[in-house]
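For chain P, the structure is supplied; the task is to place chain B on it using the hints.
Residue numbers (our numbering), protein chains in the order written: chain P, 1 to 460; chain B, 1 to 460.
Calculated directly from the structure, the hints in this document are not laboratory data. Please note that the accuracy of each hint is not assured.
Same chains, same label: a pair holds when it works inside one copy or across any pair of copies.
The calculated EDC-like cross-link candidates involving lysine to aspartate or glutamate, where the alpha carbons are at most 20 Å apart (straight line), are [to be verified]:
1) K54 <-> D358
2) K212 <-> D102
3) K209 <-> E314
4) K143 <-> E53
5) K191 <-> E272
Since this is a predicted model, take the numbers as computed values, not measurements.
Protein chains: 2
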Amino acid sequence: MDQLQQVDQYFTNHREKHLEEMKEFLAIPSISSLSEHKPDMQTAADYLANLLEKAGMENVQVQPTPGHPVVTAEWLHAEGRPTVLVYGHYDVQPVDPIELWDTEPFKPEIRDNKIYARGSSDDKGQVFMHVKVLEALLQTEGKLPVNVKVIFEGEEEIGSVHLDQFIADHKEELATDVVLISDTALYGPGKPAVCYALRGLAGIEITVKGSKRDLHSGVYGGGVQNPIHALADLLSSFHDEHGTISVEGFYDSVRPLTDEERATYAELDFSEEDIKEETGVKELFGEEGFSYLEQTSARPTLEVNGVFGGFSGEGIKTVLPAQAGAKITCRLVPDQDPDEIVRLLRKHIEANKPAGVDVEVAEFDKGKPFITPMDHPLIQAAGRSYETQYDAKTAYVREGGSIPIVSTFDEILGAPVVMMGFALSTENIHAPNEHFHLENFDKGLRVVSDYFHEIKDYKK
Amino acid sequence: MDQLQQVDQYFTNHREKHLEEMKEFLAIPSISSLSEHKPDMQTAADYLANLLEKAGMENVQVQPTPGHPVVTAEWLHAEGRPTVLVYGHYDVQPVDPIELWDTEPFKPEIRDNKIYARGSSDDKGQVFMHVKVLEALLQTEGKLPVNVKVIFEGEEEIGSVHLDQFIADHKEELATDVVLISDTALYGPGKPAVCYALRGLAGIEITVKGSKRDLHSGVYGGGVQNPIHALADLLSSFHDEHGTISVEGFYDSVRPLTDEERATYAELDFSEEDIKEETGVKELFGEEGFSYLEQTSARPTLEVNGVFGGFSGEGIKTVLPAQAGAKITCRLVPDQDPDEIVRLLRKHIEANKPAGVDVEVAEFDKGKPFITPMDHPLIQAAGRSYETQYDAKTAYVREGGSIPIVSTFDEILGAPVVMMGFALSTENIHAPNEHFHLENFDKGLRVVSDYFHEIKDYKK
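Chain P extracted, bound-state conformation (with noise of 0.2 Å):
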């Protein structure tokens, strides 16, 4: 029996225990925008410190930020070997409205070999899966094939704020041949896919300020601004009638799609009735010119996530609301610069002020967009790894979302990037009950495991 045969074995005699402790971790409520969730922050990061050392793990840390803490660890005695620097975060988005959950999010549980709970498929179910390799690596043969570090942050959901420092102070420490990562999704069931581009986010929130306090709209009605007329009036300003960005110069450094690119796209498999059918959007809508796959993943978006103003309740209420606001993040694409596109919108924001209000614009989230080559032999190798456990070709795609922290390794440790993901777009992520299919899991596991032998004899 080789190592991987052991491995895999490894695998199937432990997957209850590893489903019971899985479900612990998940039960940690680890929202890191949520200042009210910072002690679960703590548990969480602890609770995985536990698990690496119980791995067979060494230097195992739990790091303090300005914010949450970071996890590392490391197990460096394979000589001659290339090293590979294990990244994920522990920490989950905020799970309203809580109301649409079938089971509370925080309890995890196992339905048609699925594992329902907030994090199950981002991240905190894929970073224990990597946890799970390290320990079945060194329980079955006492070493691993490459020199590892790992890095779970906790604070991903809010735009890994303070890891680029972090990296930068640990850049010794940290330095690698590769990085992999484990947050994207499989392009679909059994379809096994190797990201090399992400899209980069810049985040800004609109307050629109009117009166000093809210006012009776039969009194003042008609001669005060509206907060939310103006507020409405500048979202809809953003983009034109075919869902084209009109803030001035938001387009001008978007690397155009190559004629190779495009045609990889044409070439993948998609079904606009699948989408339809996944969302329950009667039609798609999107920028004018270009196809589903490529508005998601390689055009940048300008995404309102949240309006607010005046009143909600039950019933109405004849007020003119002293403020109203909205939250707002763009998903940028290589080479746009989230500095330079907060800057083109607060421009536009400006130019665009309605009348007879104030306009405050705080700045959130920003992440650089990445992309590196499609045919690195690094990248390669994940592609043959996924197809010893999936019976599919391995496509090679970009994807729209945004790991903020991947342009840093790539600046900062000057290492390229494996984005090897097990996820699926329909575990609804972000949202009510968030789910992660076991099959994934189980074959994610012997995946990882291939990948590190197969990457042992790599040379930069």
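Quick look at chain B alone, frame taken from chain P:
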């Protein structure tokens, strides 16, 4: 000592007791729009009935409706004298945003000769004042100078949904020579005003529906319509940049202001600076071509009272919400018809429906606008009664608010409506820290008592 002097003395002697009772009445959270306050509506109605009984009114009844109860009473022993129907409402607006109240909305507190509580000014404080006028007249001389009927409803803030039917069903019992209402404002501190016209109301709620669940903006962003974008486009389409309503046909039935009316408006004491100071806005904004006073009382409006959709918590959530919505009310002027206006709004929404979403429209409150001749003897008498207590000329004005039931009184009972209000426009009605100046409560008691004497010889 004539009766009015005795009455004056009665008010002075009982002031402390009356204020304690007013506090008890205001402490009942009679919010008509929120179903959890249904029992409080009954409590408030019963409390009011008890006050009327104790005042010496006869045939006091708390009459059920399919919504909240109507309180009625009468005293009909002034043979050969006219009959006055006193109308008011004991329901109040919701209290959001509760955190902006300095003291609790349902724990009335007197500070600086003002009573602070939800409903103190609109309209429970003024309803209470009328009951005390009846009490004082009946307790001092044992009779009233005119016949009086009373009708206090519990649904004014939700559009008097069941009162039209109630009045139609009780047309005979409610027959009257004049309807007297105190639910409007003085022209300013120390400046009496009789109101001869009111705006009507039509309300809708728009719900824009996209996907069947909230979607991740990284995965789907760019490929499906965002309901918030669609809603912003719709809301933005309701006005042009000059504040004019863009809904086709909206102004068609508006009765133009006469030259005399515009001249009266121009003569009224008015300061733009006062409005800015009062509201905190830096500049006024309204329909081009009309003065502020015209805009807020003689011109129709379309105001978004609330907007909601997606994530509004702390931080950011990169979500495409499944739906977004807005609550809208229009203030209408003679001769606009609320049903016709809602039809025009529906048509506008249909014609401007953005791609990729469904739009649903629900209908709310409706109330017809009202106008009555300025030179009617019952209106002129009201002006004279004010002048017995206030050291200023009475202004004859239109008001921008809506009392939907006024046109019903006009239509079903065929009686002129006289609006003698004692509120001030600065009393934060429908907003946090609502209050009522007790100086106007004290004067109001005497003005209304005088008015009953003033009109006792009136013949149709």
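Against the structure, the hints:
no. : hint          : result
1   : K54 <-> D358  : neither (56 Å within a copy, 53 Å between copies)
2   : K212 <-> D102 : between (41 Å within a copy, 15 Å between copies)
3   : K209 <-> E314 : between (24 Å within a copy, 19 Å between copies)
4   : K143 <-> E53  : within (14 Å within a copy, 92 Å between copies)
5   : K191 <-> E272 : within (18 Å within a copy, 67 Å between copies)
In the structure shown, a violation is registered for the earlier hint numbered 1 alone.
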